[in-house]
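K.L.:
With these hints in hand, go ahead and build the complete structure from the sequences.
Protein chains in written order, with full-length UniProt numbering: chain D, 1 to 287; chain E, 1 to 163.
Rather than coming from a laboratory, the hints here were simulated on the basis of the structure.
The C-beta atom is built at its ideal place from N, Cα and C for all residues, glycine as well.
All the given hints hold, so there is nothing to weed out.
Just so you have them, the derived chain D footprint on chain E, three or more residues with Cβ under 8 angstroms:
{"id": "1", "stretch": "10 to 21"}
{"id": "2", "stretch": "37 to 51"}
{"id": "3", "stretch": "61 to 68"}
{"id": "4", "stretch": "125 to 136"}
FRET-style restraints, in silico, Cβ to Cβ:
{"id": "5", "chain 1": "D", "residue 1": "E216", "chain 2": "E", "residue 2": "Q42", "range": "34 to 44 angstroms"}
{"id": "6", "chain 1": "E", "residue 1": "R127", "chain 2": "D", "residue 2": "G80", "range": "17 to 27 angstroms"}
{"id": "7", "chain 1": "D", "residue 1": "E219", "chain 2": "E", "residue 2": "Q98", "range": "54 to 64 angstroms"}
{"id": "8", "chain 1": "E", "residue 1": "Q42", "chain 2": "D", "residue 2": "D21", "range": "18 to 28 angstroms"}
{"id": "9", "chain 1": "D", "residue 1": "R137", "chain 2": "E", "residue 2": "E71", "range": "30 to 40 angstroms"}
{"id": "10", "chain 1": "D", "residue 1": "R137", "chain 2": "E", "residue 2": "Q42", "range": "25 to 35 angstroms"}
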Amino acid sequence: MDFLRPRTWDEALAFKAERPDATPIQGGTDVMVEINLDKGRPAALLDLTAVPGLDDWTREGGEVRLGAGLTYARLIAELGAELPGLAQASRTVGSPQIRNRGTVAGNLGAASPAGDSHPPLLASGAVVEAASVRGTRTIPIDAFYTGVKRNALAPDELIRAVRVPVAAGPQYFSKIGTRNAMVIAVCSFAVALHPGERRAGTGIGSAAPTPRRAAEAEELLAGGLDWEGRGPLDPGLARRFGELVAGAASPIDDVRGRADYRLHALAVMARRTLGWAWNDYTGRAAA
Amino acid sequence: MRVSLTVNGRPAAADDVWEGESLLYVLRERLGLPGAKNACEQGECGSCTVYLDGTPVCACLVAAGQAEGREVVTVEGLASGDDLDEVQRAFVEAGAVQCGFCTPGLVVQAHALIAAADGVPGDAEIREALAGNLCRCTGYEKILDAVRLAAARAVAPSPGSSA
Chain D
1 MDFLRPRTWD EALAFKAERP DATPIQGGTD VMVEINLDKG RPAALLDLTA VPGLDDWTRE
61 GGEVRLGAGL TYARLIAELG AELPGLAQAS RTVGSPQIRN RGTVAGNLGA ASPAGDSHPP
121 LLASGAVVEA ASVRGTRTIP IDAFYTGVKR NALAPDELIR AVRVPVAAGP QYFSKIGTRN
181 AMVIAVCSFA VALHPGERRA GTGIGSAAPT PRRAAEAEEL LAGGLDWEGR GPLDPGLARR
241 FGELVAGAAS PIDDVRGRAD YRLHALAVMA RRTLGWAWND YTGRAAA
Chain E
1 MRVSLTVNGR PAAADDVWEG ESLLYVLRER LGLPGAKNAC EQGECGSCTV YLDGTPVCAC
61 LVAAGQAEGR EVVTVEGLAS GDDLDEVQRA FVEAGAVQCG FCTPGLVVQA HALIAAADGV
121 PGDAEIREAL AGNLCRCTGY EKILDAVRLA AARAVAPSPG SSA
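P.N.:
Structural data, given as structure tokens:
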């Protein structure tokens, strides 16, 4: 195994072009588990922690640009107002020690269907900045996940940043697990209201081969919510929303849960998170 | 490969480090610091918690090469000579130790909590801070007692306390 330690971003891209078989490592919270438990041995590790500037975020117009090395801990501490859905999801990642090291970009690189940041990224309509010696391109988040632990990155590409629109309305994340820490999601769900556009975004986690949106459920909310009048949420609409979210999933039975439980839980989480978000939007106290 | 770093305030170096090796392995097997414990090797148990550049992390999830040039403080670095750190003393006094395997990780994580806390942390904050440290003996109650004790002393040092 080789250990590659670039000191600049250009050097990192050059290494990745030369060694497309190198596994990028930042927080190590996924990569080191694989190595420690001998589940897989990369040909080389490409350590990005010595590249300056990756661990920061910037506000650019209506977006927040999260550097690939930004830890969950900093995202939680600094971006709860701008990116509430992603911050909520980040709070459920692992433990404090894990959140001190783990990153959203690492979650994207691993592309596990259970990754906690995926549902809010989908609900917000984030884009991934992928860079290589050939240049930089942006990948819309719903085109990024291509299969179980597979993503749209080319072999010579690295994630430089993730751009997430600043919340224009209420956002909520919900996750099912056996305790409140150190939990890989049994399933998870995120909703984001975009009142200016009279639509809502959704994201489903750990209930399909990839994280995915629930397109029909989003259409239901765009057409069915009382955006102008801000009236109370119709319970029938909320129930139907839950059904459509569950209908968009295709879960399996595995060690963490059964498929039918996941479908049930998704419908419940969808209904609840929509209720919380709608209460915020209409200025009602939580029911 | 060779890895050079600062450990508990002193320069240290390890040779013939395997590229996939963890910082935990370097500390325990190459630098003779067995305080941080090796248990789950996947970040689940917190027994290997150390400070890396002032931030508590699981040493098993840091690649050795990532620690190059950085500052590590292990549980061995908290006491000054024979004087235990306030958190260590509180663990002794509260009887927060049974088999002791989880203790070094809990002591470092509790140390970080108290150092960063604004005043005495509440129980919810303590539980959240220690959520990534597993103990299979104590049931956690004595550990919570110890953290409360150390946190209270950190805010208002008692007479005769070294803190």
